[in-house]
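For reference, the chains in residue letters:
2 protein chains.
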Amino acid sequence: MTTRRVTLVDVARLAGVDKAIVSRVVNADPSLVIRPDTRERVLEAISNLGYRPNVAARSLRTAKAGTLGLVIPDFANPVYAEIITGAESAALARGHVLVTGSSTGAHSSMDRYLDLLGQGRVDGLMLAGPTTAREQQKLESLGLPWMMVNRRDTGEHHRFVILDDAQAAKLAVEHLLELGHRHIVHVAGPFGADTARRRATGYRQAMKNSTHPVRAEDIARGDYTPRGGAEATAELLRKSPGATAVFVANVAMAVGVLDTLRRAGLRVPEDVSVVAVHDLPLAEHLVPALTTVRMPLQELGARAVDLLLTSSPEDEVAEVVGTAMELVYRESTAPARP
Amino acid sequence: MTTRRVTLVDVARLAGVDKAIVSRVVNADPSLVIRPDTRERVLEAISNLGYRPNVAARSLRTAKAGTLGLVIPDFANPVYAEIITGAESAALARGHVLVTGSSTGAHSSMDRYLDLLGQGRVDGLMLAGPTTAREQQKLESLGLPWMMVNRRDTGEHHRFVILDDAQAAKLAVEHLLELGHRHIVHVAGPFGADTARRRATGYRQAMKNSTHPVRAEDIARGDYTPRGGAEATAELLRKSPGATAVFVANVAMAVGVLDTLRRAGLRVPEDVSVVAVHDLPLAEHLVPALTTVRMPLQELGARAVDLLLTSSPEDEVAEVVGTAMELVYRESTAPARP
DNA sequence: TAGGGTCGGTCAAACGATTGAACGACTCTG
DNA sequence: CAGAGTCGTTCAATCGTTTGACCGACCCTA
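Protein chains in written order, with UniProt numbering: chain A, 1 to 338; chain F, 1 to 338.
There could be a bad hint or two in this list.
[As the list claims (entries may be wrong)] In silico DSS-like links for lysine-lysine, alpha-carbon gap of 27 Å or less:
| id | chain 1 | residue 1 | chain 2 | residue 2 |
| --- | --- | --- | --- | --- |
| 1 | A | Lys64 | F | Lys64 |
| 2 | F | Lys19 | A | Lys138 |
| 3 | A | Lys208 | A | Lys239 |
| 4 | A | Lys64 | F | Lys19 |
| 5 | A | Lys19 | F | Lys64 |
| 6 | F | Lys19 | F | Lys64 |
| 7 | F | Lys208 | F | Lys239 |
| 8 | F | Lys64 | F | Lys138 |
| 9 | A | Lys19 | F | Lys138 |
| 10 | A | Lys19 | A | Lys64 |
| 11 | A | Lys64 | A | Lys138 |
The hints are simulated quantities; they were obtained by calculation from the structure and are not laboratory data.
Use the sequences and the hints to build the structure in full.
Here's what the structure looks like:
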């Protein structure tokens, strides 16, 4: 009564051919010459028996898992949700399955994942978010192709794909300049994040077109969280009074920025304009709806997958995904008052 | 120069034993009797060579993949982020890897996933979100153990784990009643979602303690999105004027509810109190910060994994995760005005 | 009609780990 | 000192696919 799994041999027997034929038919082997009616018999047998190739056996033989790994810090962060979505889509398009794991969690850690995944379970690994040098070493020791996503590391690893954060910052600041703002301050991301550095650089560059020169007091760092944004804003209110606009390094911090401004009795956008990087669904529903720079996060994830699958491990891969960046003008920015 | 993968045989050779010994040492086979120094030699060889078992070979032999699949509608939905986090954690604790896929996407669909996963790649499957009857049939045909998460299906499939949605609704409504509200309306979820039905039922039951009897006009349906919440609210403002509080079936819709109330010139919580189901990080940052019922979503995911791994396929599994539900009192609810 | 080409297949050796069975060398025990 | 256990280890079959090598039948051509 218990039905055994259907294998190649079963199909071969039913079709009256050798299992080699069946295998080649299944894999559409171009070197196969076969009579049309034989192929027909095979296909029929496959469908009648409901045959499905065993992945384990196939992986064993071919030494390919058909799987890619993506490690992110946290599923609850919508930025990574976008990256995952893009990566998954690209992986599926190439016939691969994507395994996504978080490196912060009750039983998970980067280490744990490297142990579980580094056994031929995946053909390649993508790391989004911060990584330690030790983890990178371990990664190298696994002999897997891997690359960093949205992080450009200072170490010796030369495979990564990032976004044009400086350009995003410029778009945001130029928007504010066009609205007539001059004294524009910056709520920057954490020191360790290279995305934050690039956005700060873009801010400085764009501010060259302002009459207001950027001073140290015009920039405060947050840790990419709402609370961090709130604290940085409080700091800026003290250090850099008179600013009419804020460029925030990400949407999460912008939430805290809006909170703090409101509590300080400042109206957005009447008194202060706010623009942030990343256009997440959330932005639209803040009060006021947040003006943002849309970043191609899905494309970032997709490019990472493509590069991982097409480049050879020794290749250096350093790509900046630059398309489809645009300013999304909502309610948190308005012309500067004369 | 190119280093071959290290196998059992290599380790065995270096340690001067048979590969069977190595295998049993690696797997901590309790039936193995071995001299301590031999074990030591084996372990040393393993670490010297950096041996890692090949998952494909192991899966082939044992017919176990060590992997579970979880299919969700959308990574961007924070509700599923919580479920994933819980499921991942439980899976890792049991030595399994979790493969999470979304069923809505450029190249993904439930079907596509069933094809990719239903080949011995996973030992079991969890489905969160809506499922069609055809998909369920296909699932059955794969002969995989599977279960529904956060959905209780009307079909013949009798394996699922859900939350006590009625109880959550009661907590919310009782909170409003305690604040003195009587005319409480309900922005319900879509008809197809059983979670929505249970929450509506809980609402009706709790309202038995109100002096205001629930009429059809006191309930409007939305589709669990902000827009849906906005539309339902507009409908309620027309149909059921005079309400002093709204119970919203989920946080996403609550976003739209707050929007619409604001645009209608109603202040929250001074004029209308709002409480919603699910405590997501987002809730804290809405304006005003949203009072919610915290649901054990992570535990839901974790229980699903545990049940999938411990129950036998023919068992009926119908579990309601009920712990850790509580009301989170924030700024969107206040005492009813006399 | 011998020799060489296609055609249309079949054969069998991997891939790397797991696991029941067998086995040789000891140590007891009666 | 024969017979029976333990102890510690080896043997070998098996999981299901893939893939290069081989092979027989048939058709040409010289």
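Results of checking the hints against the structure:
1. For the proposed pair Lys64(A) and Lys64(F), the alpha carbon gap of about 18 Å is at most 27 Å, so the pair holds.
2. Note on Lys19(F) and Lys138(A): the hinted pairing holds, with a Cα-Cα distance of about 26 Å set against a maximum of 27 Å.
3. Straight-line distance between C-alpha atoms of Lys208(A) and Lys239(A) comes to about 21 Å, which keeps the hinted pair within the 27 Å bound.
4. About 24 Å separates the Cα atoms of Lys64(A) and Lys19(F), which keeps this hinted pair within 27 Å; it holds.
5. At roughly 24 Å between alpha-carbon atoms, Lys19(A) and Lys64(F) fall within 27 Å of each other, so this suggested pair holds.
6. Under the criterion of a C-alpha separation no larger than 27 Å, the hint pairing Lys19(F) with Lys64(F) is consistent with the structure, at around 21 Å.
7. Only pairs whose Cα atoms come within 27 Å are accepted, and Lys208(F) paired with Lys239(F) is accepted, the gap being roughly 21 Å.
8. For the hint linking Lys64(F) to Lys138(F), the alpha-carbon distance of about 21 Å falls within 27 Å, and the restraint holds.
9. With a C-alpha separation of about 26 Å, the suggested pairing of Lys19(A) with Lys138(F) holds against the 27 Å cut-off.
10. Restraint check for Lys19(A) and Lys64(A): the C-alpha separation of about 21 Å stays at or below 27 Å, so the hint holds.
11. For the given pair, Lys64(A) sits about 21 Å from Lys138(A) by alpha-carbon distance, which is consistent with the 27 Å threshold.
Of the numbered hints given earlier, the model fails none.
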